[in-house]
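Turn these sequences into a full structure, and let the hints steer you where they fit.
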Amino acid sequence: MIEKVIVAGFGGQGVMAIGKLLAYAGMLEDKQVSWLPSYGPEMRGGTANCDVIVSDKLIGSPVLTDDATAVIVMNLPSMDKFESHLAKEGKLIVNKSLIHKKATRDDIGVYYIDANEIAAEIGNPKAANMVMLGAFLELTSIVKPESVLEAFTKVFGEDKAKFIPLNAKALEKGAEAVKN
Amino acid sequence: MAKVLMKGNEAVCEAAIRAGCRYFFGYPITPQNEVPEYMSEKLPKVGGVFLQAESEVAAINMVYGAAGAGGRVMTSSSSPGMALKQEGISYIAGAELPCVIVNMMRGGPGLGSIQPGQADYFQATRGGGNGDYRHIVYAPASIQEMVDILMESFDIADIYRIPVLVLGDGMIGQMMEAVEFKEAIPKELPEKDWITTGTKEKRKPNVINSLYLEPELLYEHNLKLEAKHRLIEENEVRYEATGVEDAEVVCVAYGTTARVVKNAMEELEKEGIKVGLIRPITLWPFPNEAFDKINPKAKGLLTVEMSMGQMIDDVKIASNGRWTTDFHGKSGGLVPSPAGVIDAVKKIIGGGK
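Chains as they are written, first to last, in our numbering: chain A, 1450 to 1629; chain B, -14 to 338.
Derived from the structure by calculation, the hints contain no laboratory data. Watch out, some of these pointers could steer you wrong.
In silico lysine to aspartate or glutamate, DMTMM-like type, Cα no more than 20 Å apart, as pairs [claimed, not checked]:
id : chain 1 : residue 1 : chain 2 : residue 2
1  : B       : K284      : B       : D328
2  : B       : K255      : A       : D1516
3  : B       : K167      : A       : D1479
Structural data, given as structure tokens:
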């Protein structure tokens, strides 16, 4: 089993964070993982993205070009840039709250999520990224949501443990959004 | 020990500290800034010294000083910063001092870009400094390999009294992978009876210097260094050779680029095309012996680099005319894609028609 995921959005939406959580969760499940951030002269509000690979086998190139199995996009510039990076039959998970446009390809699976609204409903609009991650986990089953929650304090520190219930809820609601 | 998810830049520091490194001198430059950041936080906690120098030139000369006093010392930089360190590296090699240097390469020449590159191969293996000197160059392809090599590097540096360069790139510095810090296997190390820590009036003063005004004495020193270099060539060559005995085409790539090649190999295998890989882990000494294992009937070699073609010179030397040697690469901070490697391999196979 292998998932090659691009997570993209603007700085502050937590795209690097959910990428790290996913990689860490994979490691906790004894899978091979890599997390490669885009880096450059970027700033708050600029674009940010990372490539995450979670696999049962050793990982070759950590760079995703046109072979992503899933792309999670939090804003419009990210969708414009990364839709083309999906392999055939890949999954495009779109934050419908901020992207009022349909995907252009018809050889991929597209999932529209009201991530910001769902996050606001459960009490914190900042959890929109976790809603998206929840949808991704439901669609791919690459790691268990429990592993992501276990990774939470490892990535963000013990003092953030109080946010785990909110984030658990966000993962759950994201999963619900893609369940038929 | 359980695995942890770490950035390459941070893992390299943790490995150094676990290997007993207690002195770090450096000057910030992207994409290796997490190195001084990590060292500045951790070294003081283990009784070490972190010092941000006023320049790369100052940093490498601080390394010279600390190494001369017997300290386990490291510096790090990225391409343009490494250019500035070259004079100091020549002096350190000339004075036969052990140290570890990390270069997370970026695009060049000049200030270049801040994205990953491999265009410092010449600088690393030929030396940007003056004189007849060499230093060991390791080129790890994963964070785990980088950590393992780095922990050993300090011992290797001590054994041969030579600088050891660990050559990474922006990608391996910035990315995160799972790493495990294994217990270092203690090596038998020579006593540092040459350091300048005071005679206490019990011995003659030690002198650390690279200046020889008598040409005969310098020549003698050159011969001594050369003998050491031959010894390293005999003992320290490392490489990975995969499927080269029956390959149609053999790729040669190091560091992160080798991983791109592995993706391409997997795809080509599905099409029934046999591609081998030689991945030098030491760039100096270069693994010439690996090439003797290649299928004599192979159609050619393909060197893949994040440069305009530098290691290919060593590949030609190692190949010694036995195979044609082609090149595929990207530079400027761009990473070659598996698709590009696949096309290049197919061109070589079709080239015989």
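(request) Return the numbers of the hints above that this structure violates; sort them in rising order. (result) none
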